[in-house]
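Protein chains: 2
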Amino acid sequence: MAKKTTARKTTKKAAKKTTHKAAPRAAAPTKPAKKAPAKRSPKAGKMVYYFGATRTEGDASMKQIIGGKGANLAEMTAIGLPVPPGFTITTEACAAYYQAGKRLPHGLMNEVHTHTATLEKEAGKRFGDKNNPLLVSVRSGAAVSMPGMMDTILNLGLNDESVEGLAKATGNRRFAFDAYRRLLNMFGDVVLGVDHHHFELAFDDLKQRYNAKLDTDVPENGIVELCERYKDVIKAQSLQDFPQNPFKQLELAIEAVFKSWNADRAISYRRLSGISGLKGTAVNVQSMVFGNMGDDSGTGVAFTRDPSTGRNVFYGEFLINAQGEDVVAGIRTPEHVNSMPKWNKKVYDQLIKIKHKLEKHYREMEDIEFTIERGKLYMLQTRTGKRTGAAAVKIACDMVKERLITEKEALLRIPAGDLTQLLLPSFDPKAKTIATVLAKGLPASPGAAVGRPAFTADEAVNRARAGEKVILVRKETSPEDVDGMHSAVGILTSTGGMTSHAAVVARGWGKCCVAGAGEVAIDAKSGTFTVKGRTFGRQDMISLDGSTGEVIEGSLATVEPTLSGDFAKVMRWADKYRTLGVRTNADTPADAQRARDFGAQGIGLTRTEHMFFEGDRIRAMREMILAENREDREKALEKLLPHQREDFVGIFRAMKGLPVTVRLLDPPLHEFLPNDDKSQEEMAAVLRVPVAKIKARVAALHEANPMLGHRGCRLAVTYPEILKMQVRAIVEATIECAAERVKAMPEIMVPLVGTRAELAMLRQQIEDTIAEVKNEMDYKSRLDIKIGTMIEIPRAALTADEIAEVADFFSFGTNDLTQLTFGYSRDDINTFLPDYLQQDLLPNDPFQSLDVSGVGQLVEMGTQKGRAAKPDLKVGICGEHGGDPASVHFCHAVGMDYVSCSPFRVPIARLAAAQAAIRDGK
Amino acid sequence: MAKKTTARKTTKKAAKKTTHKAAPRAAAPTKPAKKAPAKRSPKAGKMVYYFGATRTEGDASMKQIIGGKGANLAEMTAIGLPVPPGFTITTEACAAYYQAGKRLPHGLMNEVHTHTATLEKEAGKRFGDKNNPLLVSVRSGAAVSMPGMMDTILNLGLNDESVEGLAKATGNRRFAFDAYRRLLNMFGDVVLGVDHHHFELAFDDLKQRYNAKLDTDVPENGIVELCERYKDVIKAQSLQDFPQNPFKQLELAIEAVFKSWNADRAISYRRLSGISGLKGTAVNVQSMVFGNMGDDSGTGVAFTRDPSTGRNVFYGEFLINAQGEDVVAGIRTPEHVNSMPKWNKKVYDQLIKIKHKLEKHYREMEDIEFTIERGKLYMLQTRTGKRTGAAAVKIACDMVKERLITEKEALLRIPAGDLTQLLLPSFDPKAKTIATVLAKGLPASPGAAVGRPAFTADEAVNRARAGEKVILVRKETSPEDVDGMHSAVGILTSTGGMTSHAAVVARGWGKCCVAGAGEVAIDAKSGTFTVKGRTFGRQDMISLDGSTGEVIEGSLATVEPTLSGDFAKVMRWADKYRTLGVRTNADTPADAQRARDFGAQGIGLTRTEHMFFEGDRIRAMREMILAENREDREKALEKLLPHQREDFVGIFRAMKGLPVTVRLLDPPLHEFLPNDDKSQEEMAAVLRVPVAKIKARVAALHEANPMLGHRGCRLAVTYPEILKMQVRAIVEATIECAAERVKAMPEIMVPLVGTRAELAMLRQQIEDTIAEVKNEMDYKSRLDIKIGTMIEIPRAALTADEIAEVADFFSFGTNDLTQLTFGYSRDDINTFLPDYLQQDLLPNDPFQSLDVSGVGQLVEMGTQKGRAAKPDLKVGICGEHGGDPASVHFCHAVGMDYVSCSPFRVPIARLAAAQAAIRDGK
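Protein sequences appear in the order of chains X and P. According to the numbering used here, the first sequence is numbered sequentially starting from 150. According to the numbering used here, the second sequence is numbered sequentially starting from 150.
Read the hints as simulated data drawn from the structure, not as lab findings. Just so it is clear, CB atoms sit at the ideal spot from N, CA and C, and this is done for glycine as well. Accuracy of the hints is not assured; some may be wrong.
Stated by the list, open to error - FRET-style restraints, in silico, Cβ to Cβ:
| hint | chain 1 | residue 1 | chain 2 | residue 2 | range |
| --- | --- | --- | --- | --- | --- |
| 1 | X | N993 | P | K844 | 54 to 62 Å |
| 2 | P | P791 | X | L350 | 51 to 59 Å |
| 3 | X | A1018 | P | K784 | 58 to 66 Å |
| 4 | X | S1002 | P | R837 | 45 to 53 Å |
| 5 | X | E629 | P | Q997 | 50 to 58 Å |
Said to hold, decoys possible - Computed far set for chain P versus chain X, every beta-carbon distance over 10 Å:
| hint | residue |
| --- | --- |
| 6 | H347 |
| 7 | F352 |
| 8 | S425 |
| 9 | K428 |
| 10 | E484 |
| 11 | D547 |
| 12 | T585 |
| 13 | A888 |
| 14 | D933 |
| 15 | E941 |
| 16 | R944 |
| 17 | Q968 |
| 18 | D984 |
| 19 | S1002 |
| 20 | D1021 |
In isolation and in its complexed conformation, chain X is listed as follows (with noise of 0.2 Å):
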């Protein structure tokens, strides 16, 4: 139970992760997050800062150093919010406790006997005391809050005597006994490595006894029986006695919060988030308050806002006579805090005060953790709120109204990446009108989700592996699952509210989830779960619906997002703010439209060959990979022209006005040949040659290694013809739509060049092509087309001051710039990619993020020497990091022009592309 207990604690830290990430990371990703500029400068050596009404010796701005929860404890204490007293260990010594090969550093103990001496004359308690014992809470907290770490040890102090001292003190034997099993079963589990099961067996075991159903049924002598069996329980799996002297419980504990910091859950969420740099954790030690005293006693959790629509509405839950963990123990539901007044006016009233006051303070929305011990109110928490992307964009848009933070500060709040939330489809609403609704859980975060089911979070691993969407489906989930919800498209659990470890997890990265559906029975060992009487199986499709915790049968149609007036507004400012282009890559006019609609300036990447699957199309470049001479290819090719025409007509008249970047025909030829031999009979029925001559034309295509093959540029070179044909509708349809009054600005992209020859030639291929059709079009204006490169092949950065004499622009494909400079094959890299994600040997997948320091360097390379050769060269990107918030930062910080991705991310780069002009200061 305990163990369960700390799971949403333990989760909630990652409530900052995503801000982290879209912020320092970002601008460069493997440095340390940049401190703010601190208020009080750090004591050299000191390892311990106290916070209470005794004095207060940190600050909210000290995170690197305390770490989040302790500055945010001291920060709260200093501007007179009720706060229990305690003090924080730092991070420093935290990594001086590895320096020293896991050794706590010499001097701390003696700081910490120092800093326990003024909190026991603070609240008046000894440590230990046998008549009235101080109690404290041991709690880990790095400069980031993360999951995985050891979490909370609560009651410390405790021993044999002091129990009885607390009884004495409280009057109530049974709650001092029950804290006590706590301490130990905590203790045990955290500290000593007892595993939890052994605490539940004896417990179970004693209710059974007892013929108790709940913990709350077993009597005062059940809990003293209990602790004694909990001792023996120790000792007989540890091979030691539970330690019986406060500071020994103190020291190990400490020690224990420092080798959870490299634990494999941390490590691998630190991983998973792409956080890297820190120190270590901090450690916090604050006096105990309860709120399990009695029924004017509670505990609460909150935020100040709503984290999922960002609506300013106090948002939380409550329950009365509990501890902070039972929140989530699922043991009684929560109530809302709206319910609150009902049961305590004054205490509501002033936690509202207290809501606002930090609102003012932080200018943030705060997410805050509050006891109420007799009826007095404490505050144990607060930090940054973790929020869905569309809240984000509300209460940054409200602060500004609120005139509580600036436009600037505004658009750094909202992590870039967050907006693809904001951006994907949800379910059609006609759909659902006839789907069938299997559950309804919590709407835990929104998205709308389809896949099949996985119960283990290994298997989700493997399957999304194998390129299975898997939906995750647990009874709740524990830090153990990460990467499992990782992989997951959604997540779904039959236990746990809003506050679950499922739920903040997912909310956090922007994962669809719905939680607590109790409807629906699992059966993790056979693979299936149950709902309404009707069992579905590994292979059937689900869809979750996290907007409304709706889990519905089969795989539900989806429709475009709807985008609010908030969104327009942060759309506007971050034009306003950002000096980098964002275009799109699009290779359809409705794709043309949409990107233009979502803002982008332009199209930086039209893929031609897409062009050539369709239809009477696909016949005629088959026809042309057949033909024997150029004679009978360019017979093909005329074919071809028409409808290539046409297609760069209805992208033009979308794009109308703003620049269009074709890339000639890239992928080797073999790709549009049929590999099968039904298909290629097929193909011979159809063309009326001999299947022998299409399975020899297959055999002679055929390549070891087709990226490095004959393909790109070097296609133009073998077949000059298939170049003309292209350009010739490029300009064609510029022309045609000049007559209906379209300004069409094509710019013609030579794709795979290495050597300043080979543009050359083809620079001039692509002229006298252009002025042959003007002449025969007869058409007199000017037609400004502009003839540039994709830089893709390594040697095409090395040299890029050669090539960029030919081009009038640069375009870095860093897909296969990454591909090149690796030496990694994106189709084949999944064999050995997540051992080296695993294994750390690299911190993300290069082609999700830019590589700085090797594709980055080439990219940087070539943009100096191709600027150097020509001042105006226009440079942009448009491989898929174009739309990656970390790479767009990268992008801005060369000096690039602009940056291309793929339509739904293009208010992601603009958003990406302002935040970095701001971090650049202009």
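Could you slot chain P onto chain X? The hints should help.
Just chain P now, with coordinates in the frame of chain X:
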């Protein structure tokens, strides 16, 4: 006829090609040949240089300005040799001609007029004079001699009037008109573009009417008539009259020479020979002398030493009463110069004196042309004589002995690449005793070639491109055939002598050639040749012995070469001057021993994968690959361990005391599994597993781009047990060798590293394994095993500073580095490389000679960054470029410690390294 007769001169110009190639090109491949310090500085704007008794304005140092031929004519004139006077138009004038859009530069013809006036004065004859006309020859001649350009127009200055003047002056009207018809033919063909066969038809027709068998049988009247007919041919074919004005003739001839600079054949020759950076061709205008003025006249060509063997004997051929062209016309067999004293002792003695003078003056083996006009000797040309590799070695050594040149000069004189000829196998004498010799021709260029006949140059190119070994079988070869000759492994002609086109070009390339095998009757149309009544076609294998001139039936066995004392001497000198180490790539004890015999100072690359293909090993290897868990993999690897250990013991013994760099397993695992059904079934039977399991594993291991897939150190990351087995084998072998007092010096090389993290982790595993094995074997002495990495991934070069921190050495794997830097798959490049070379998009195959500006940039960057991080980092190269002379020069310039190449290229690398050091001034 005229065209044919120009062949020899055209192609003998190839003589200096190889010297050129090995010298300045190697240091900076794209730069023009370095000028020798000029004795005279060329005058700005001067376009014509005179040579003669009046004055001589050029000298041998001015090849860049007045071409090789012009420079040497001036030099010979200056040292008092009998050279007919004339003048040379500069290469700069040619460049100006192209810059002006193919117009003769302003003022050029004025200068030509002035110099012609000087020439007239000196000769006492006037241009176009009707009594005693001045006649001139016009010849092209660039700084580097090259076939493919327009060669010679003789007798220029003749017209309908001056032909009578020549008749009067010589008292021989038939001779005068014969000179005129030669001019008409050459001028019509070369300047006016009239196809040669029109003249041939006219001549044949005339001969028939005069009942003449040979040209010489036609009487004076007939020749006079022929001149009229030739003028008609010119008029009919070119639609213009033959220009009667001698200056018009000269102007058109000069322009024709300029144009020929960019003829396809000339461009193609420059490309094939790696010649670039020249300004253009010079034009030599020289007063005519006649070797065909009777039996006291004659003409010849000779080498000052034997160009095949290098022996110091006068070596050449001459013809009485003939013009230069007739020597190779095949009409009359030339006589050896040895027999000249019988004909004219005085001229012979004078020629021998001149030979000595030239060798002393040029300190080189010279290739000369001479003409005797009515008993008076004239020198028409001298240049460095082309020679075989063996001759180059012998001549260099002899000239050092004769104190003509220094050791350093001797080393620079031997084209490093030509050493291959000395190292290549020859036919096994035992095999020859039972071989069927089909025919015997001239031993025109030594070597042993085995292949199938190709009958046209195109056919040879195409079949060679498809991977076949072909022997080009031609009646004779011409400059149009150079591509085909280059593609063939050997050349066989049925006509032509030792100085024929085929012979000269083949010797220059070190390609086996048998010339003038008259018994061989070739039917190119049917694709057969007949000899001794037997007919051979495209499918019949034949062998050519270029050292004996034998044409042998079938495929003859070959034996290793034996090396001369001179070769050893050159190698000793090379070792004295070079600073770059030379290692070898060797995977077996036999290869290691051979390389050591050739002077390798260690092994730079031992590939371990080849070791797993034999007998039992492949079985264990396959068991390992099929294993489903680490334990089973380890079991299979245990079976491989003893084999691997013995491999290393063998190599360590062979290289006793020298370093041996062992590369860990590199290729993807699927290379060890069979792909076809039958082999898979066999494997299943042997391993006793279901075929389905093998098929499944093959499918699972399939990769879209294996070159960029799961290989190299990526295997060690996922299967650390493979690395451990290999390191264990190395360490056990080292300790085993130590027991038998063999000092093994292994260096462990990790392939395909792209990040510091990879190497850091694997280095730790390697060090741990070394320590483990040492401990197990209770070996107390120090084991100094270096651990380093290949630099073959662009990212590794870019981040070499990081990687160097965990590496003891770098070895540039320029094969893979070239693949990735260009994005070229070596296995697939043949689909487009020919087009790239054809269209001059690449100067050469980057897998043969290192691409300095792209790949070289990474090599230089990697070396500098690596050394900056670790100054004592050992740096070498183990790609195939390690044995390419130009690349060796680059490696020297970059400051590498060593190059490593295949055993047979070790001597080449040693010589190239010495040349680089000497040029570098060390």
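**OP:** Tell me, in ascending order, the numbers of any earlier hints that this structure violates.
**Re:** Violated: hints 1, 15, 16, 17, 18, 19.
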